[in-house]
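*Asks:* These are the residues of each chain, in order.
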Amino acid sequence: MTDKIELFERMALIRQCELQLNEAFAKNLFPGYIHSYLGQEACAVGMCAPLSNEDKIVSTHRGRGHYLAKGMALEPMVAEMFGKETGICGGRAGEMHAADPDLGILGGNGIVGAGLPIAAGAAYSAQLDGTGAVTVAFFGEGASNNGSFGETMNVAAAWKLPLVLVCENNLYAEMTPFSDTVGEKDVAKRAVGYGMQGEVVDGNDVLAVREAAERAVERARKGGGPTLLELKTYRWGGHFEGDPRKYRTRDEEKEWQERCPLRRFREKLIESGEAKEAELDAIEEQMKADVAKAIEMALAADTPAPETAHDHVYVPGEVA
Amino acid sequence: MTDKIELFERMALIRQCELQLNEAFAKNLFPGYIHSYLGQEACAVGMCAPLSNEDKIVSTHRGRGHYLAKGMALEPMVAEMFGKETGICGGRAGEMHAADPDLGILGGNGIVGAGLPIAAGAAYSAQLDGTGAVTVAFFGEGASNNGSFGETMNVAAAWKLPLVLVCENNLYAEMTPFSDTVGEKDVAKRAVGYGMQGEVVDGNDVLAVREAAERAVERARKGGGPTLLELKTYRWGGHFEGDPRKYRTRDEEKEWQERCPLRRFREKLIESGEAKEAELDAIEEQMKADVAKAIEMALAADTPAPETAHDHVYVPGEVA
Amino acid sequence: MAPKNYCWALIDAIREEMERDDDVVLIGEDVGAAGGAFGASRGLLDAFGPMRVRDTPISEEIIVGLGVGAAMTGKRPIVEIMFMDFFGLCLDQICNQAAKMHYMYNGAFKMPLVIRTSTAVEMGIGPHHSQLLESWVGHVPGLKVVMPSTPRDAKGLMKAAIRDDNPVVFIEHLALHRNKEDIDEGELLVPLGKADVKRKGRDVTVVATGLMVARALDAAETLAKDGIETEVIDPRTISPLDIDTIVASVEKTNRALVVTSSMKQFGFGSEVSAEIMERAFFHLDAPVQRLTPPFTPAPFGKHFDEYLNPNAGSIADAVRAMLK
Amino acid sequence: MAPKNYCWALIDAIREEMERDDDVVLIGEDVGAAGGAFGASRGLLDAFGPMRVRDTPISEEIIVGLGVGAAMTGKRPIVEIMFMDFFGLCLDQICNQAAKMHYMYNGAFKMPLVIRTSTAVEMGIGPHHSQLLESWVGHVPGLKVVMPSTPRDAKGLMKAAIRDDNPVVFIEHLALHRNKEDIDEGELLVPLGKADVKRKGRDVTVVATGLMVARALDAAETLAKDGIETEVIDPRTISPLDIDTIVASVEKTNRALVVTSSMKQFGFGSEVSAEIMERAFFHLDAPVQRLTPPFTPAPFGKHFDEYLNPNAGSIADAVRAMLK
Ligand SMILES: Cc1ncc(C[n+]2csc(CCOP(=O)(O)OP(=O)(O)O)c2C)c(N)n1
Ligand SMILES: Cc1ncc(C[n+]2csc(CCOP(=O)(O)OP(=O)(O)O)c2C)c(N)n1
Ligand SMILES: [Mg+2]
Ligand SMILES: [Mg+2]
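Chains as they are written, first to last, in this note's numbering: chain U, 1 to 320; chain X, 1 to 320; chain C, 1 to 324; chain D, 1 to 324.
Be careful, since some hints might not be right.
[To be verified] In silico lysine to any residue, SDA-like type, Cα no more than 20 Å apart, as pairs:
| # | chain 1 | residue 1 | chain 2 | residue 2 |
| --- | --- | --- | --- | --- |
| 1 | D | 194 | U | 9 |
| 2 | D | 194 | U | 318 |
| 3 | C | 194 | X | 318 |
| 4 | D | 302 | D | 312 |
[Claimed, not checked] Simulated coverage check for chain D against chain C, where a stretch passes if three residues somewhere in it have a Cβ under 8 Å from a Cβ of chain C:
| # | stretch |
| --- | --- |
| 5 | 90-103 |
| 6 | 138-145 |
| 7 | 286-292 |
[Stated by the list, open to error] Away from chain X, derived, C-beta distances all over 10 Å, residues of chain C:
| # | residue |
| --- | --- |
| 8 | 109 |
| 9 | 123 |
| 10 | 203 |
| 11 | 221 |
Just so you know, these hints were derived from the structure itself, not from any lab. Remember, predicted model here, so these are calculated numbers, not experimental data. Glycine included, each C-beta is placed from N, C-alpha and C at the ideal position.
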């Protein structure tokens, strides 16, 4: 398998995960909201391509794509989404949160924008250690309007932190179109004012994302400081599943679905002869089966014993 | 008196106020810290020149220059600084705070950056009323690194608020040089990323400031939206009086004192024949005397009765 | 009289006040075109247009700051912070700016500002969407804090909050949004600072807020079968607290239990208990008790919520234990 | 033994811990080149260099966030928020991020983070620089909150806070910075969560924090002349509160007064009172009282501060009133 096939596989995995979770939701099998990552698969996968387990990511409320792209095991991740005790965090973190320190996944966040300062902290930590490890902070275009964004841009640039700031501009923050909330529609333009490199990237083209990621990660590793990447993409679903999406047209949605990152990549791979249709079909089938199994397992698993709610409020141990 | 002479007078007033308050401080006659505005006089005076009483300003912890430039009466302003009951706010607001709603002075602030969102609110209010009134938000370059700055830039641009954002870049935030805390030394450059006009201005040249102010205020009045002005200037004193200023050289201070806004303006007025030396001397003498009297009155005044501490915690009155 | 749910009662309140007074405006995330993240401002954009019903970016600090600045210049803004869990992002504007403006400037500015927010305690959404933090704001002089438990109170308190010249933090329990009640069509104002005795009783006083009021009433029903007469008081306003009504009740019942959805430690129950201690100590036959979720964040999932939060059963148990 | 003031005791604590453990870093406004806005990190930049002693822009949210992210990746950061009055700008990072990270992720991350901050209550600086808000953070599970009143406690608690794997909010009273005390040269650790009985007595318990501890001791001196034996307890840690020590004292004295520089409403005194209510009610001969500044912001000027805040005289008066 070439690395491009791996990219395809990862994207297909995310796609299947999101599709099948939505189905579970539609069947009333899911406890709570689903913030679907459908349509944005190329962003997570392209960005995580150049990262190792030493590198960190910080995610959002819409984090499954990031988790899977960074290598989180499918089954415990899915179980976490269902709040089951087999979940990667014992089922207590839930749909907006999951973490895996060993893989450098520092968690999602229920607070929009709150991951940015934390990512800067992780990057500062790596800078102290001089390991060359890089931190990638994922956030939405909506988050770019929160105070934490400006503070993080500035500190990252001033300290030349090994940080890549990745704005997935999917055009909507909940029900509000981005264009209604800004005077400048390219988030990437904010970079220059903070003394940082900024770049707009086609977020539905996984190879373009990977290339930009490689440049930015390389810069960060070498001490060249942070980069702001704006990945233009689209949130296929509502803010959460069930959102009637009155704030946009079905036409607009169709247009963006025609720019499907998975299909585009599939076509490219076949056209260039790097993969055969059947091979990719098989991958998709496999991913479909893997996800189906993960969901089945999650559904069959127990919810955590309620008394576990008392665990981990504090790290135990007396110091003095 | 031409309007330029008025500008000179206002600057001389601020200069005298700051000099004489420092003297009072040195003689241990001042209760608390003094955040001196010495050296920045052209900023406040130039910016407030095109404003009427309908226009609002929002100030900072270093606010006396703004208050006087916007027309606050000298004596109650000075008395406020001393915490006297004859103060414009009864002596309870103190050195970092003073307000006068009738003149559109919405107050100083002890929280760096907190005035920016409030200024946006005042601008929104004027936008609703359609009066053409403009709000000017003064803040330091240090404040430009706080989250409130980014949020305000963005909302102001998105809503085309009648707001002028005035960053007085005096190179220091407390004891920290600005250059140590940023990746880009021109704050004005941040404007473009938010879809706003930005401009760097010589903050020690009152006419340059006034021109920039006129352009920005005009734009705001006509519905053209906000402007970010960065006034390059210098804080002659320490962060507060008594600060030993170890973080910079006496040479640097001397260099900036050679760019004294008051002297430069005086020389210009004389050179161009717009004023005679004696006339300007007389103004300065008058200002000196006015301030001396204001301080004398403030010193002689009583501190507020301590029981007044209980006043105004809530606006009285039952609604239902 | 018409049956209204809590959510529509609030929309009615805001609509009526916006009709009555052009200075009333509504500012927040998704309040306009979307009709509110929880549908709690439906119809207002159409009725009042995008200048008075303003969608904002995700910028909590300036959302409140816009309200502060607008209130200082003659408006009566309602600003919305979607969840109270986000208060950590805007508490400076609430507590240092809105709360202190009238005071600092010696009365020069009024601050007719409503900070509308909600809690989703017990809705399974996890640690960042399940907090009730009324005591953060209750601790700050200059603020009023309101927390209605019924549609009628929601409407009347919202209208009063909008007309009040002080900053009012208005906390809605999302789990109450669909509860219905008959509400008079006419003008309805519920005064801030006045508790409501939701049920009379002579054996024990239960002070309950928000979601807990209905449960306390349920518990009272059960207890009545055993001959225990419970007085249920809903303070409705958290600050200033109508402690007189509570003390009068305790002087009669000699026992009190406080039930909340917020943390016990440094919480509402502690305040009520300490006030009863100071004012009615010699009337007490038993110590005032606090019944609350334990001192932990809220994990994801309703099974945890059910386990962690007080319910009619645990309220009744707590009352019985006090009467032993 | 050497006499040290509170400020230098803290610097020593941080220096010793930074020497002991390379992972300890200090981050904040003016902490480096300037040696701290209050001189409370003098010498550390020279000793440890600009990477471990990092000056920041005026960006409170990211100051704490840097600490959170660094703590999650193996560091033991101390982050400084100059005044506690600025907590409204960074409370999300403190209360939703630092406090909940260990919990949410089922123990996967530790959070060895110290949030160093100060209060300038009674120093005349006015409404935005005179607040003590320990109950905001005391209300949040996952946080520890510490407030030393003496140089020795300051040093020992700071060292313990740095070594603790939980986020600790460390509150200094600036008015205490110049107080001196003899401190052992050797290793000094004061355990978090343990109150200190600063004076033994049998007639009344005074629980006092921060600035109020010395005043309570002064009052006790005066009262002793009248034969009133006051036990003075300094909890030192606000959360988790060592209520056992307080309750044991009240069981002996049957009376308690709580004295703080923070607001009474929803404050520390309410928490202590409510806990005593629940645990020692039947030992009480009189209601627990809270002595605090009144419910108002702090105006500019020391004359107001003197009027508003408790002092040895008003503490003694309150004790006498309780014994009547
Ligand atoms: C501080 C904060 N404000 C508001 C919310 C409610 N909220 C959750 S997701 C969201 C939209 C986020 O938009 P964006 O950053 O573009 O991310 P996307 O959902 O598009 O992935 C909002 C407003 C929140 N969780 N946190
Ligand atoms: C939010 C906040 N952080 C820190 C401080 C402490 N502080 C007061 S003034 C100041 C420096 C402000 O610098 P700048 O904005 O450049 O204004 P200048 O003092 O130069 O006029 C600081 C850090 C504060 N008052 N508020
Ligand atoms: Mg988005
Ligand atoms: Mg400055």
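*Asks:* Next step is simple, just say for each hint if it's right about the structure.
*Replies:* Quick rundown of the hints versus the structure:
1. 194(D) <-> 9(U): With Cα atoms ~55 Å apart, residue 194(D) and residue 9(U) exceed 20 Å; violated.
2. 194(D) <-> 318(U): This hinted pair holds, its Cα atoms lying about 11 Å apart.
3. 194(C) <-> 318(X): Given that 20 Å is the threshold and the Cα spacing comes to 11 Å, the pair holds.
4. 302(D) <-> 312(D): holds (17 Å)
5. 90-103: Check passed, 10 qualifying residues.
6. 138-145: holds (count 5)
7. 286-292: With 5 residues close enough to chain C, the hint holds.
8. 109: Its Cβ does come within 10 Å of chain X, the nearest being 6 Å, so this is violated.
9. 123: Fine: 28 Å to the nearest Cβ keeps residue 123(C) off the interface.
10. 203: holds (32 Å)
11. 221: holds (30 Å)
Of the numbered hints stated above, those contradicted by the structure are hints 1 and 8, listed in ascending order.
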